[in-house]
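Enquirer: Based on the hints, put chain B in the right spot on chain A.
The lines below spell out each chain.
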Amino acid sequence: MGKTIRKFLVHYDMIFQVGSDVLFTNMGISLDELTGRVMKGVHISQETFGDSQINADTIIWRAGDACNRVMDRINGLREQVGSHPWGIQQAFNILFNANDPDIDFMPHGKMQSAPIRDLPSAWKPGDFSIHFQVESNEKKYIRCKHFLNTGQVLWRSL
Amino acid sequence: MKMKTRTLILQGHSEVNEELYQLTLHNHASYAGHHKYDMLQLNISYKEAMDDWEKLFVSF
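Quick note, the sequences are listed as chains A and B, same order. Counting along the first sequence from 1, when you hit position 123 you're at 123 in the numbering used here, and nothing is skipped either side. Counting along the second sequence from 1, when you hit position 9 you're at 1009 in the numbering used here, and nothing is skipped either side.
A hint or two may mislead.
Using 16 angstroms as the maximum straight-line C-alpha spacing, the simulated EDC-like pairs for lysine to aspartate or glutamate come out as follows [said to hold, decoys possible]:
no.: 1; chain 1: A; residue 1: Lys7; chain 2: B; residue 2: Asp1038
no.: 2; chain 1: A; residue 1: Lys139; chain 2: B; residue 2: Asp1038
no.: 3; chain 1: A; residue 1: Lys40; chain 2: A; residue 2: Asp65
no.: 4; chain 1: A; residue 1: Lys40; chain 2: A; residue 2: Glu79
no.: 5; chain 1: A; residue 1: Lys7; chain 2: A; residue 2: Asp72
no.: 6; chain 1: B; residue 1: Lys1036; chain 2: A; residue 2: Asp32
no.: 7; chain 1: A; residue 1: Lys110; chain 2: A; residue 2: Asp13
no.: 8; chain 1: B; residue 1: Lys1036; chain 2: A; residue 2: Glu33
Label pairs and their computed distance ranges (CB to CB) [what the hints assert, rightly or not]:
no.: 9; chain 1: B; residue 1: Lys1036; chain 2: A; residue 2: Gly126; range: 18 to 28 angstroms
no.: 10; chain 1: B; residue 1: Gly1033; chain 2: A; residue 2: Ser83; range: 34 to 44 angstroms
no.: 11; chain 1: A; residue 1: Met39; chain 2: B; residue 2: Gln1022; range: 27 to 37 angstroms
no.: 12; chain 1: B; residue 1: His1034; chain 2: A; residue 2: Gly36; range: 26 to 36 angstroms
no.: 13; chain 1: B; residue 1: Gly1033; chain 2: A; residue 2: Lys145; range: 18 to 28 angstroms
no.: 14; chain 1: B; residue 1: Leu1025; chain 2: A; residue 2: Gly36; range: 25 to 35 angstroms
no.: 15; chain 1: B; residue 1: Lys1036; chain 2: A; residue 2: Arg37; range: 13 to 23 angstroms
Here are some chain A residues pointing at chain B (derived, C-beta under 7 angstroms) [to be verified]:
no.: 16; residue: Met14
no.: 17; residue: Ile15
no.: 18; residue: Gly19
no.: 19; residue: Glu33
no.: 20; residue: Phe96
No wet-lab data here; the hints were simulated from the structure. C-beta atoms are modelled at their ideal positions from N, C-alpha and C, and glycine is treated no differently.
So here's chain B without its partners, still in its complex pose:
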């Protein structure tokens, strides 16, 4: 029997795109729920992640 894949949907956002985040949150949660994936929202924007390279990769 095939084991179910444990999957996490990881959504990035921050206050700089809060309105957009609120708009897409339900869509992302619906997708995660449809497939019984877990979901986590990170309070970090793409730009922040790009700007803080050291912070982003120091633990890799």
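Next up, chain A with everything else stripped away, as it sits in the complex:
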């Protein structure tokens, strides 16, 4: 993925990396509007449940020096987090705790919202996207299909 992102950033100003368990739920919000005037090299979502502080299933990479610096720092963490099951997400956790100046750590609920009613970042109409994270692909499929068919969230518990 990293090689691909590096390659395509030569041709694009911005890359939005998104997983297959994410649905866009507000087509009217462009990525420029989503990021606003915050011109960082990378925009990524914080997480509000579980052990990780960051969720790496939606990432905006913005071509330029700041993005290159972030990639270099992630690369520098390879030894430290290379065997960690979260991989790049763990690298972002470390950079989050270091308050990395080149990364916009968006509050959960802005770049992605959750199908979990108990969270402050629970999905609501008008939100940019919903992310059916953590569960098995079968359960994700059921929730995703339900949302596409009804426009309603099949809520799950924490």
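Expert: Then chain B, alone, in the frame of chain A:
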């Protein structure tokens, strides 16, 4: 005049989540089309990317 931002939507998937991918593909393509972004689908899952750290970052 402001230059239009060249943007790519990069969607990751693999055969392990093929059904989910098929379900979200149209939604992702609709978003990309709405904003005239390009879109590319990568045949690599999140887990694969996480498991193959060397492969993921060797070129950074």
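Enquirer: With reference to the structure, classify each hint as holding or not holding.
Expert: Tested hints:
For the given pair, A/Lys7 sits about 15 angstroms from B/Asp1038 by alpha-carbon distance, which is consistent with the 16 angstroms threshold. As the CA atoms of A/Lys139 and B/Asp1038 are separated by approximately 29 angstroms, the hinted pair breaks the 16 angstroms bound. Between A/Lys40 and A/Asp65 the alpha-carbon distance is near 10 angstroms, which keeps this suggested pair within the 16 angstroms criterion. Annotation: proposed proximity of A/Lys40 to A/Glu79 is violated, straight-line Cα distance about 25 angstroms (limit 16 angstroms).
For a cut-off of 16 angstroms, the pair hint linking A/Lys7 to A/Asp72 stands: about 15 angstroms separates their Cα positions. Using a Cα cut-off of 16 angstroms, the hinted pair B/Lys1036 and A/Asp32 holds, with the two alpha carbons roughly 13 angstroms apart. For the proposed pair A/Lys110 and A/Asp13, the alpha carbon gap of about 21 angstroms is over 16 angstroms, so the pair is violated. For the suggested pair B/Lys1036 and A/Glu33, the alpha carbons sit about 15 angstroms apart, so the restraint of at most 16 angstroms is met.
The hint said 18 to 28 angstroms for the Cβ distance between B/Lys1036 and A/Gly126, and at roughly 22 angstroms that hint holds. Between B/Gly1033 and A/Ser83 the C-beta distance comes to about 40 angstroms, which sits within the given range of 34 to 44 angstroms. Distance hint for A/Met39 and B/Gln1022: a CB-CB separation of about 35 angstroms, consistent with the stated range 27 to 37 angstroms. Between B/His1034 and A/Gly36 the beta carbon distance is about 19 angstroms. The supplied range of 26 to 36 angstroms is therefore violated.
The hinted range of 18 to 28 angstroms is satisfied by B/Gly1033 and A/Lys145, whose Cβ atoms lie roughly 21 angstroms apart. Between B/Leu1025 and A/Gly36 the CB atoms are about 28 angstroms apart, so this pair conforms to the stated range of 25 to 35 angstroms. As the Cβ distance of B/Lys1036 to A/Arg37 is approximately 22 angstroms, the hint placing it in 13 to 23 angstroms holds. Of the supplied interface hints, the one on A/Met14 holds, with its beta-carbon coming within about 5 angstroms of a beta-carbon of chain B, less than 7 angstroms.
This hint holds: A/Ile15 has a C-beta 5 angstroms from the nearest C-beta of chain B, less than the 7 angstroms allowed. A hinted interface residue such as A/Gly19 counts as satisfied when its beta carbon comes closer than 7 angstroms to some beta carbon of chain B; here the least separation is about 6 angstroms, so the hint holds. For A/Glu33, the interface hint is violated, the least distance from its beta-carbon to any beta-carbon of chain B being 10 angstroms, above 7 angstroms. Look at A/Phe96: its Cβ only gets to about 17 angstroms from chain B, farther than 7 angstroms, so that hint breaks.
In this structure, the hints that do not hold are numbers 2, 4, 7, 12, 19 and 20, in rising order.
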